[in-house]
Amino acid sequence: MMLENMQVAGGAAGNYLLGLIYRYTGRRHSSVEHFRMVLLLDPLFWEAYEELCMLGVAEEASSVFGEVALQRIQETYLGQTSSFSQRTIVNEFSDSDKTLKDSKLRHNEHFLGNGQQSVTLDSSKQLENSSQTNNSDWNTPSPVPPQVPDVAPPQLRKNLRAPAGEKMVPERLYPETRPRRSARIAARRKINMSQSSGSDADCLHASSSESNSATSLSSMIEKCRIESSKEGFCSRPVATSNHTATTSGQTISGTGNSVDDEENSRLTGFESGPSSIIFGISEVLNLLRLLGECHRHLLMYNCEDALFAYEKLSEKQYNTQWVLSQVGKAYFQLQDYFKADSVFLLAHQMYPYALEGMDIYSTVLYHLKEEMRLGYLAQELLSIDRLAPESWCALGNCYSLQKDHEAALKIFHRAIRLNQRFAYAHTLCGHEFAALEEYGDAERCYRKALDVDERHYNAWHGLGMIYLRQEKFEFAQHHFQRALRINPRSSVIMCYNGIALHESKRSDEALETLDQASISDSRNPLPIYYKANVLVGLGKYEEAAKVLEELKDCVPHESSVHGLLGKIYVHMKLYDKAVFHFGIALDLNPSAIDAVHIKACMERLIAPEELEDYI
Amino acid sequence: MATESSESEEEGKIRGGNDKLIVDEDLREMGKNAAWSVSSCKPGNGVSALRDDNLETYWQSDGLQPHLVNIQFQKKVKLQLVVMYIDFKLDESYTPSKISIRAGDGFHNLKEIKNIELVKPTGWVHISLSGADPRETFVNTFMLQIAVSSNHLNGRDSHIRQIKVYGPRPNPIPCQPFQFTSMEFITYSTVR
Chain A
1 MMLENMQVAG GAAGNYLLGL IYRYTGRRHS SVEHFRMVLL LDPLFWEAYE ELCMLGVAEE
61 ASSVFGEVAL QRIQETYLGQ TSSFSQRTIV NEFSDSDKTL KDSKLRHNEH FLGNGQQSVT
121 LDSSKQLENS SQTNNSDWNT PSPVPPQVPD VAPPQLRKNL RAPAGEKMVP ERLYPETRPR
181 RSARIAARRK INMSQSSGSD ADCLHASSSE SNSATSLSSM IEKCRIESSK EGFCSRPVAT
241 SNHTATTSGQ TISGTGNSVD DEENSRLTGF ESGPSSIIFG ISEVLNLLRL LGECHRHLLM
301 YNCEDALFAY EKLSEKQYNT QWVLSQVGKA YFQLQDYFKA DSVFLLAHQM YPYALEGMDI
361 YSTVLYHLKE EMRLGYLAQE LLSIDRLAPE SWCALGNCYS LQKDHEAALK IFHRAIRLNQ
421 RFAYAHTLCG HEFAALEEYG DAERCYRKAL DVDERHYNAW HGLGMIYLRQ EKFEFAQHHF
481 QRALRINPRS SVIMCYNGIA LHESKRSDEA LETLDQASIS DSRNPLPIYY KANVLVGLGK
541 YEEAAKVLEE LKDCVPHESS VHGLLGKIYV HMKLYDKAVF HFGIALDLNP SAIDAVHIKA
601 CMERLIAPEE LEDYI
Chain X
1 MATESSESEE EGKIRGGNDK LIVDEDLREM GKNAAWSVSS CKPGNGVSAL RDDNLETYWQ
61 SDGLQPHLVN IQFQKKVKLQ LVVMYIDFKL DESYTPSKIS IRAGDGFHNL KEIKNIELVK
121 PTGWVHISLS GADPRETFVN TFMLQIAVSS NHLNGRDSHI RQIKVYGPRP NPIPCQPFQF
181 TSMEFITYST VR
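First to last, the protein sequences are chains A and X.
The first sequence begins at 1 in my numbering and counts up one residue at a time.
The second sequence begins at 1 in my numbering and counts up one residue at a time.
Please note that the accuracy of each hint is not assured.
Claimed, not checked - Straight-line distance between alpha carbons at most 20 Å, and here's what the computed DMTMM-like set of lysine to aspartate or glutamate pairs gives:
#	chain 1	residue 1	chain 2	residue 2
1	A	K552	X	E184
2	X	K20	A	D404
3	A	K403	X	E25
4	X	K32	A	D441
5	X	K32	A	D336
6	A	K599	X	E184
7	X	K78	A	D441
8	X	K164	A	E437
9	X	K32	A	E438
10	X	K164	A	E406
11	X	K76	A	E406
12	A	K369	X	D133
13	X	K76	A	E437
14	X	K75	A	E471
15	X	K32	A	E356
What the hints assert, rightly or not - Derived, one-sided and incomplete: chain X residues facing chain A with beta-carbon distance under 8 Å:
#	residue
16	F138
17	C175
18	F178
19	S189
To be clear, the hints were calculated from the coordinates, so they are not data collected in a lab.
Each residue gets a CB set at the ideal place from its N, CA and C atoms; glycine is no exception.
Construct all of the structure, not just a fragment, from the sequences and the given hints.
Printed below as a string of C-alpha cells:
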C-alpha cells in the first residue's frame, strides 16, 4: 500500500492504530511504514518509537527527536490562531483516540476476539463523547503557565495501568471516565489547559496516591486564580508538572510533588510566549531523545550502551519506575542477576503498585534461587492485581523453582488467558513443558510466543534447547543462530550454539564460538568448560587438561570440572591425578547419577585393563 | 516409618508405611513414560486405578498367583525407587505379603532384583531398587515387573491402590557428561 496515495484518518493516531494492526497480523513491513509515518506527523508520539524499537528497526533517537522534530512541533504549536480550533479538535481526537487505544488495547484485547475492530468502533463512540465533554469545558478559564515537564511522557502511558486494582475496575465498568482522562492527557499534550483542570478534578478520585491528588488539587486551585491574558492561545506546550503528577499517580511520589510546588512558584509570573514554548519543546525533545536512545539500545540488546545512556538521565528521571525497570532488564540481559535484583528491588519499593517489569524481576529471583522472596513477591503482586499477567508469571516462577512444573504450567496458562499477546508468558509455558519433557507442547508454546513477538530471543533459545535434547543438532544450531542474531551479546546462547555445532561435527566452528562467548562475557566460566568438553571429544586431552586446570582455580566448588579432569587424566593414563580429581569431585556433592559414575570410574582404576571398555 | 530388618541379605521385611508420600528432591516420577499392564483384573478395578492418584480406587487381580504388574519403557531408563500404597486395615486378606521385583529387557529375560515381605503395611511402602554396591544405585532397564506371590491371611487375589516408580532427574543441560553443582555454573547455564 502506497502511503502517499492514502491519507489515514486520525493523523498520527490513526497511523499508529494501523501500525499495530499490521504488526499483530504479522505484516511487518507495512507496520514499520506506518509507525514511521506516525513519528513524521507527530514527533512526540513515544509509543510509536517504542513499537519501532520492539520491531528492531528504530532509527537513532537523535534523528527522530532532533532538529526536524523540533521544527515540526514548533510549526504545529506556533501555528496561526485561525487554524487553532480546527487543529485542537483534530489533535484531541488523535490524542484521546491514542490513549483510549492504549488502555483499551492493554486491557481489552483478551476480552475481545477481534480487538482492533472493536477498538475503532469503541473509540469512535468515545471520541464523540470526549469532544462533547471537551467542548463543554472549553471556556473554563484556568490556564496553566507553560512549564518544562520534568516527568517523562512515557510514564503517563504506563500509568494508565499503574495503580492497578482499583483503577482497572473503574476503567472497564465506567467507560465515561475514559474521555475525561483522555481529555486530561490531551491537555497534557498541548492546547487548552482549561479542560485539563476540569477533568483533573474529576479524575483525581481515581488516582490512588492521595498525597499527589491533594497537592495537585491545591496547585490547581492556585492556578485557577491566575488569569492568563492569552487564554485562548493554542500553543501551550505539553504538560505542566502538576498535571503530570496527577496523571502519573504513583510514579511521581515525593520528588514529583516538591517539583510541582517549586515549579509552580517559580513560574507563577511566567509570561507565556513563543520562546517559552520553544524552550518547553526542546526540553521535551531532549528528554525523549535520551530515553529513546536508551530504549533503542536496550531492545537491540546493546545492554552496556543502554546502561551507559541511562546513567546520563537526571536523578529524578532515573528514579522512576519505568526507567528503573528498564535498567533492571538491561542487567538481566547481561546475566548480572545481583545488580538486576537490587535495581528491581528499588523500583518495587518505591512504586509498589506498578507491575511492569515485575515478571522479569521474578525471573531474576528464580535465577538467584531466592524462594522466599519470590514467593513473597508473587503474593504481593497478586494481591495488588489479580488480573495482571505479570503477577501470575511471578507465581508460576515460584512453583517452577520448587520443581512443581505441573502447577507452574497451570498458572502460566492463566497468565496467557489474561493476555494472549504477553509473549513472555508463552515462553515460560514452553520452558515448563520442556522441563516435563513434553517437547511437542513446548514447541507449540515457543512458536506462539514468536508469533506475538518475533524478536523474543528467549523463545528462539528455548526451541534450540528442545532440538538439542531431541538430538536434532542442525535444527538446534539454526535456532540458536536466530537467537544470536537478535541478541548478539548473550554468552549463554553462544555457548549452546557451540555445543550444537560440536554435536553436528563442526567442532572448529564450535571452538570459535566458545572463544567468542568467553570474550563477550568474562565472568561466565561455562564457555571454558564447554571448550574443554569439545577438546575431549576431539581427543585433544592435553589442551583440555590445561584449560580445565585454569578453570578449576576460578570456580573451586564445581564438581563437574574435577570429574571431567579425572576422566581426562584417565585417558592420559595419569591414574594418580585421576583418582585425586575424582576424589575432589565426590567431595563437592555431585548429583546422584554423577556420584555413581565417578565412583564407578574410581573402582575401575584399580583394575586398569577394564578401563578401555568402560570409558 | 518404614523399617527393614536385616535377617538375610536377600529378604527384607517391611512393616508399616507412611501416610504421606515423601520422596527425595532429586528423584522424579517415571511412570508417565511407561506402558502399564496387569496379569488379570476384576472389571471396574483395572490397571488405571494404579495410576489415577486416587487412594480410594484399587486394582484387584482375578486369577492365579503370582499376580503381575508390568511396566514397560520405550528406552532403557534408570530406576531407583518403587513406592506402593497398600493398606492392611482396608484390604485385609487382599493385602499383598510377598512381593518380588524383576527387571529385564522384556518378558523373556526378567531377572529378580528385589524380594521383600510386607508385614501389615499401612500406607506408602518404599522399595528401594539399589544394591549394596554404589555402582548399583540405579537399575538400568527396559522393563520392570512387580510380582505378588502371596497375600496376607492367604488371600487369593490382591488389592494395590497406587504404584509410583522413581528415577534420577536427568541433566538439565543436554549433551554434558556431568551435572553442575555450583551457583556460578548454574546461573550461566540457562536462559529463562
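A quick look at each hint next to the structure:
With a C-alpha separation of about 12 Å, the suggested pairing of A/K552 with X/E184 holds against the 20 Å cut-off. In summary, the hint linking X/K20 to A/D404 is supported, as the alpha carbons are separated by about 17 Å, within the 20 Å threshold. At most 20 Å may separate the alpha-carbon atoms for a hinted pair to count; A/K403 and X/E25 meet this at roughly 9 Å. Annotation: proposed proximity of X/K32 to A/D441 holds, straight-line Cα distance about 16 Å (limit 20 Å).
For the hint pairing X/K32 with A/D336, the CA-to-CA distance comes to about 38 Å; that exceeds 20 Å, so the pair is violated. A hinted pair counts as satisfied when its Cα atoms are at most 20 Å apart, and A/K599 with X/E184 does not qualify at roughly 25 Å. Annotation: proposed proximity of X/K78 to A/D441 is violated, straight-line Cα distance about 25 Å (limit 20 Å). Distance check on the hinted pair: X/K164 and A/E437 sit about 18 Å apart at the alpha-carbon level, within 20 Å; holds.
A threshold of 20 Å between alpha carbons decides the hint, and for X/K32 with A/E438 the separation of about 11 Å falls inside it, so the pair holds. As the CA atoms of X/K164 and A/E406 are separated by approximately 17 Å, the hinted pair is consistent with the 20 Å bound. Straight-line distance between C-alpha atoms of X/K76 and A/E406 comes to about 25 Å, which puts the hinted pair past the 20 Å bound. Our distance criterion of 20 Å between C-alpha atoms is broken by A/K369 and X/D133, whose separation comes to about 34 Å.
Straight-line distance between C-alpha atoms of X/K76 and A/E437 comes to about 16 Å, which keeps the hinted pair within the 20 Å bound. Using a Cα cut-off of 20 Å, the hinted pair X/K75 and A/E471 holds, with the two alpha carbons roughly 15 Å apart. Of the supplied pair hints, the one linking X/K32 and A/E356 is violated, its CA atoms being roughly 38 Å apart against a limit of 20 Å. Interface hint status for X/F138: upheld, as the beta-carbon distance to the closest one in chain A is roughly 7 Å, under 8 Å.
The interface hint given for X/C175 is met, as the beta carbon of that residue sits about 6 Å from the closest beta carbon of chain A, less than 8 Å. The beta carbon of X/F178 is positioned within 8 Å of a beta carbon in chain A (closest approach about 4 Å), and the interface hint is therefore held. Restraint check, X/S189 versus chain A: the minimum CB separation of about 6 Å is within 8 Å; hint holds.
In this structure, the earlier hints numbered 5, 6, 7, 11, 12 and 15 are contradicted, and the remaining ones agree with it.
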